[in-house]
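Undergrad: Protein chains in written order, with numbering that gives the first Met the number 0: chain A, 0 to 246; chain B, 0 to 246; chain C, 0 to 246.
Hints in this document: simulated from the structure, not taken from any laboratory.
Computed from a prediction, not measured in an experiment: that's the story for all the values here.
Incorrect hints may have been included.
Claimed, not checked - Short derived list, chain B residues pointing at chain A, Cβ under 7 Å:
hint: 1; residue: G32
hint: 2; residue: I173
hint: 3; residue: I218
Claimed, not checked - Straight-line alpha carbon distances no greater than 20 Å define the calculated SDA-like cross-link-like pairs of lysine to any residue that follow:
hint: 4; chain 1: C; residue 1: K104; chain 2: A; residue 2: T114
hint: 5; chain 1: B; residue 1: K104; chain 2: C; residue 2: H172
hint: 6; chain 1: B; residue 1: K104; chain 2: C; residue 2: G168
hint: 7; chain 1: A; residue 1: K200; chain 2: C; residue 2: E213
hint: 8; chain 1: B; residue 1: K95; chain 2: C; residue 2: K179
hint: 9; chain 1: B; residue 1: K104; chain 2: C; residue 2: K71
hint: 10; chain 1: A; residue 1: K104; chain 2: B; residue 2: G168
hint: 11; chain 1: A; residue 1: K73; chain 2: B; residue 2: M78
hint: 12; chain 1: B; residue 1: K71; chain 2: C; residue 2: G77
hint: 13; chain 1: A; residue 1: K142; chain 2: C; residue 2: K191
hint: 14; chain 1: B; residue 1: K200; chain 2: A; residue 2: M79
hint: 15; chain 1: C; residue 1: K73; chain 2: A; residue 2: V146
hint: 16; chain 1: B; residue 1: K179; chain 2: A; residue 2: G102
hint: 17; chain 1: A; residue 1: K142; chain 2: C; residue 2: N74
hint: 18; chain 1: A; residue 1: K204; chain 2: C; residue 2: K204
hint: 19; chain 1: C; residue 1: K179; chain 2: C; residue 2: E213
hint: 20; chain 1: A; residue 1: K51; chain 2: A; residue 2: G102
hint: 21; chain 1: C; residue 1: K104; chain 2: A; residue 2: T170
hint: 22; chain 1: A; residue 1: K223; chain 2: A; residue 2: S47
hint: 23; chain 1: C; residue 1: K191; chain 2: C; residue 2: E136
hint: 24; chain 1: B; residue 1: K104; chain 2: C; residue 2: G154
hint: 25; chain 1: B; residue 1: K129; chain 2: B; residue 2: D156
hint: 26; chain 1: C; residue 1: K71; chain 2: A; residue 2: K73
hint: 27; chain 1: B; residue 1: K142; chain 2: A; residue 2: I243
hint: 28; chain 1: C; residue 1: K204; chain 2: B; residue 2: M78
hint: 29; chain 1: C; residue 1: K71; chain 2: A; residue 2: R174
In this text, a Cβ means the ideal position worked out from N, Cα and C, and glycines have one as well.
Read off the chains here:
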Amino acid sequence: MLKATIDADILKESIDAISALVTECRLHTDENGISTRAVDTANVAMISLLLKKEAFSSFAATRSELGIDIAKMKNIFGMMAKNDMITLELTDDIHKLQVSFQGYKYSITLLDENTIRKDPNPPTIELPGKVAIPGAELNSAIKAAAVVSDKIALGIDAAKQIFFMAAEGDTDHIRREFGKDEVSFINGVEAKSLFSLDYMKDMGKVMSRAEEVEIHLGIDHPAKFSFNIAGGNGHVEYLLAPRIEAD
Amino acid sequence: MLKATIDADILKESIDAISALVTECRLHTDENGISTRAVDTANVAMISLLLKKEAFSSFAATRSELGIDIAKMKNIFGMMAKNDMITLELTDDIHKLQVSFQGYKYSITLLDENTIRKDPNPPTIELPGKVAIPGAELNSAIKAAAVVSDKIALGIDAAKQIFFMAAEGDTDHIRREFGKDEVSFINGVEAKSLFSLDYMKDMGKVMSRAEEVEIHLGIDHPAKFSFNIAGGNGHVEYLLAPRIEAD
Amino acid sequence: MLKATIDADILKESIDAISALVTECRLHTDENGISTRAVDTANVAMISLLLKKEAFSSFAATRSELGIDIAKMKNIFGMMAKNDMITLELTDDIHKLQVSFQGYKYSITLLDENTIRKDPNPPTIELPGKVAIPGAELNSAIKAAAVVSDKIALGIDAAKQIFFMAAEGDTDHIRREFGKDEVSFINGVEAKSLFSLDYMKDMGKVMSRAEEVEIHLGIDHPAKFSFNIAGGNGHVEYLLAPRIEAD
Numbered sequence: 000m001l002k003a004t005i006d007a008d009i010l011k012e013s014i015d016a017i018s019a020l021v022t023e024c025r026l027h028t029d030e031n032g033i034s035t036r037a038v039d040t041a042n043v044a045m046i047s048l049l050l051k052k053e054a055f056s057s058f059a060a061t062r063s064e065l066g067i068d069i070a071k072m073k074n075i076f077g078m079m080a081k082n083d084m085i086t087l088e089l090t091d092d093i094h095k096l097q098v099s100f101q102g103y104k105y106s107i108t109l110l111d112e113n114t115i116r117k118d119p120n121p122p123t124i125e126l127p128g129k130v131a132i133p134g135a136e137l138n139s140a141i142k143a144a145a146v147v148s149d150k151i152a153l154g155i156d157a158a159k160q161i162f163f164m165a166a167e168g169d170t171d172h173i174r175r176e177f178g179k180d181e182v183s184f185i186n187g188v189e190a191k192s193l194f195s196l197d198y199m200k201d202m203g204k205v206m207s208r209a210e211e212v213e214i215h216l217g218i219d220h221p222a223k224f225s226f227n228i229a230g231g232n233g234h235v236e237y238l239l240a241p242r243i244e245a246d
Numbered sequence: 000m001l002k003a004t005i006d007a008d009i010l011k012e013s014i015d016a017i018s019a020l021v022t023e024c025r026l027h028t029d030e031n032g033i034s035t036r037a038v039d040t041a042n043v044a045m046i047s048l049l050l051k052k053e054a055f056s057s058f059a060a061t062r063s064e065l066g067i068d069i070a071k072m073k074n075i076f077g078m079m080a081k082n083d084m085i086t087l088e089l090t091d092d093i094h095k096l097q098v099s100f101q102g103y104k105y106s107i108t109l110l111d112e113n114t115i116r117k118d119p120n121p122p123t124i125e126l127p128g129k130v131a132i133p134g135a136e137l138n139s140a141i142k143a144a145a146v147v148s149d150k151i152a153l154g155i156d157a158a159k160q161i162f163f164m165a166a167e168g169d170t171d172h173i174r175r176e177f178g179k180d181e182v183s184f185i186n187g188v189e190a191k192s193l194f195s196l197d198y199m200k201d202m203g204k205v206m207s208r209a210e211e212v213e214i215h216l217g218i219d220h221p222a223k224f225s226f227n228i229a230g231g232n233g234h235v236e237y238l239l240a241p242r243i244e245a246d
Numbered sequence: 000m001l002k003a004t005i006d007a008d009i010l011k012e013s014i015d016a017i018s019a020l021v022t023e024c025r026l027h028t029d030e031n032g033i034s035t036r037a038v039d040t041a042n043v044a045m046i047s048l049l050l051k052k053e054a055f056s057s058f059a060a061t062r063s064e065l066g067i068d069i070a071k072m073k074n075i076f077g078m079m080a081k082n083d084m085i086t087l088e089l090t091d092d093i094h095k096l097q098v099s100f101q102g103y104k105y106s107i108t109l110l111d112e113n114t115i116r117k118d119p120n121p122p123t124i125e126l127p128g129k130v131a132i133p134g135a136e137l138n139s140a141i142k143a144a145a146v147v148s149d150k151i152a153l154g155i156d157a158a159k160q161i162f163f164m165a166a167e168g169d170t171d172h173i174r175r176e177f178g179k180d181e182v183s184f185i186n187g188v189e190a191k192s193l194f195s196l197d198y199m200k201d202m203g204k205v206m207s208r209a210e211e212v213e214i215h216l217g218i219d220h221p222a223k224f225s226f227n228i229a230g231g232n233g234h235v236e237y238l239l240a241p242r243i244e245a246d
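With the rest of the complex left out, here is chain A (with noise of 0.2 Å):
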């Protein structure tokens, strides 16, 4: 069972988080509210999302499972305008959810979730490196860097206790220092490897929004982006397989 009412932008921010990575996700809910977790088709990166039910106006809900076609969800909700008021609804046939808004009346038969890859495992790994940084800034160095190549290094300068961020083109290279007025140390340990800017573009996009984005690395480990949506009332965390340096 689920009732639960929110506010169109904060679904579509939901969603746009989830979309930058995958199509569609298996959802669960339970009285204290939704999350999914989910890893891209090739293996490269994987979202955990949390939505407390805080985040929403009004929140009813029994443990279950639902496909969803994040797609045809960016679809529809696409033509919300902010502030609208959104009902999500899952009743007796748990094939079908029920989405009310100003007057209409969507029904949208959800994914059978047993066609839907199994939840990932979180891996257990180490990534000793921790700066927080606002997330404005982070996706306009990945932009910079996108310039000149399809990879981009992410570092911590221990010595310096500087951050960086830098790509290296074939005839081009480019380079963003951050020092300590610039972001919060909050470990800062040497650390870099290098990531695709394929991934790195479409997350910096949905992380753009977020105030403070807190990143984990290692050296030549995966990077973990953490930032809070739904104004603090609900969580995302990318993590993020590191490429290997071809020379």
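Once you've looked at the hints, dock chains B and C against the given chain A.
TA: The following block gives chains B and C in isolation, referenced to the frame of chain A:
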């Protein structure tokens, strides 16, 4: 003979209304204004447009017929700003329309009106169900329906006094109901017909500007959409044939 | 040697002016500023651009020549905001240009200037007809002409003291006349030449920003378009070869 001056915005509004259905038309002029009636190439939809002489800031015309390339007109008038005044002039050479505005002088060769389909006769059909709805609401419901299907049902539930628009997709459906507080029931008799969203979307864009659209409906019959343009000094009627329900 | 700081908007304006005609050029630096002169691949149009040292907020340079990939520059500077300050630096390694702004450091490999066409010599031609017109008006007339044709005539009617721009399509034509109240006649002698709208459209976009463009014309001769950039601290000249009238 034709010599008329009109606000660019009104002229654009009229051309947009016509171009939703056809790329060329016969324009009739007489001392009272200009008018056209045209059917789309698939014989599914008809437009009747009338622009009274009061819609013009100055108007003088005798009875004549002009072959107009609507697509070209749209191109030319697309570059004009709101509140530009446009003068249209048909001189001795009946095949050249002179268009002047802001120091520009266009000379446009008219189409040979014999190459354009004859004016259709307006069919005599009874459409008893009548409601009036804001154009913007109508267009929103059309766009919402297009997310799930390529057909839309329009109807009146006489018992409940509800006007509804509904679309059935393969897996999803959407329904928008309007009660007495949202639409005027001019004649709330039972009605329901199915229409192609291809046509409805193009017509919806034009109708979204209208304060009020009068919809005339029957049971598995065409629909008539009737609304004012040019601040009440012009009028458009769309007549759309129904689609047959497959099931 | 080059070390210069400049407002992003001025740099973009200069790069846009060059990229309307060529994708790469030789940039000359000396103690007074930077300049370039380049011809498009079809030898139809030439640009001369000068940016005085006063256009920079700081400027120091010796005489040298840089091979610039204009298309790449456009890409890089597209992401900058107005009022960002950009520092350009050419160090010992003559083939690397360092670009820094807002914490970013770009290192751009210059083109080998020997692979770029030699600077063209400015042709010595007499263009007696001269008018000055707001860039925005010039661009509007170019866009209007492009609706009916791919060529535009520019000319001066000496008797009527009118500057005109006209385009003849297969069936339609357009003409825009400017009298003494709209343009300055610096030298209102008879002139008329025909030009490719392909070139005029690209140049028009750049010129639309100029408060005033001086146009120099002859009879079936090239046209020269001359205007200031960088608030008067820079100057651009376009020279465009005429098209031969087919009929």
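Undergrad: Next, verify each hint and record whether it holds.
TA: To see whether the hints hold, each was checked on the structure:
1. G32: Since chain A brings no Cβ nearer than about 38 Å to G32 (chain B), farther than 7 Å, the hint is violated.
2. I173: With a minimum Cβ separation of about 5 Å from chain A (threshold 7 Å), the hint on I173 (chain B) holds.
3. I218: violated (23 Å)
4. C:K104 / A:T114: Distance ~47 Å between K104 (chain C) and T114 (chain A) Cα, so the pair is violated.
5. B:K104 / C:H172: holds (8 Å)
6. B:K104 / C:G168: holds (13 Å)
7. A:K200 / C:E213: violated (45 Å)
8. B:K95 / C:K179: violated (29 Å)
9. B:K104 / C:K71: violated (41 Å)
10. A:K104 / B:G168: holds (13 Å)
11. A:K73 / B:M78: Judged against 20 Å, a Cα distance of about 34 Å means the pair is violated.
12. B:K71 / C:G77: Roughly 34 Å separates the two Cα atoms, so the pair is violated.
13. A:K142 / C:K191: violated (48 Å)
14. B:K200 / A:M79: Status holds; Cα separation ~18 Å.
15. C:K73 / A:V146: Since the Cα atoms of K73 (chain C) and V146 (chain A) sit roughly 11 Å apart, the hinted pair holds (cutoff 20 Å).
16. B:K179 / A:G102: Cα-Cα ~13 Å, so holds.
17. A:K142 / C:N74: The given pair, whose Cα atoms are some 11 Å apart, holds under the 20 Å limit.
18. A:K204 / C:K204: violated (30 Å)
19. C:K179 / C:E213: holds (15 Å)
20. A:K51 / A:G102: With a Cα-Cα distance of about 26 Å, the restraint between K51 (chain A) and G102 (chain A) is violated, given a limit of 20 Å.
21. C:K104 / A:T170: holds (14 Å)
22. A:K223 / A:S47: holds (11 Å)
23. C:K191 / C:E136: Given that 20 Å is the threshold and the Cα spacing comes to 19 Å, the pair holds.
24. B:K104 / C:G154: Satisfied, since the Cα-Cα distance of roughly 16 Å is no more than 20 Å.
25. B:K129 / B:D156: Roughly 12 Å separates the two Cα atoms, so the pair holds.
26. C:K71 / A:K73: violated (34 Å)
27. B:K142 / A:I243: violated (46 Å)
28. C:K204 / B:M78: Satisfied, since the Cα-Cα distance of roughly 15 Å is no more than 20 Å.
29. C:K71 / A:R174: Since the Cα atoms of K71 (chain C) and R174 (chain A) sit roughly 17 Å apart, the hinted pair holds (cutoff 20 Å).
This entry does not satisfy hints 1, 3, 4, 7, 8, 9, 11, 12, 13, 18, 20, 26, 27, going by the numbered hints stated previously.
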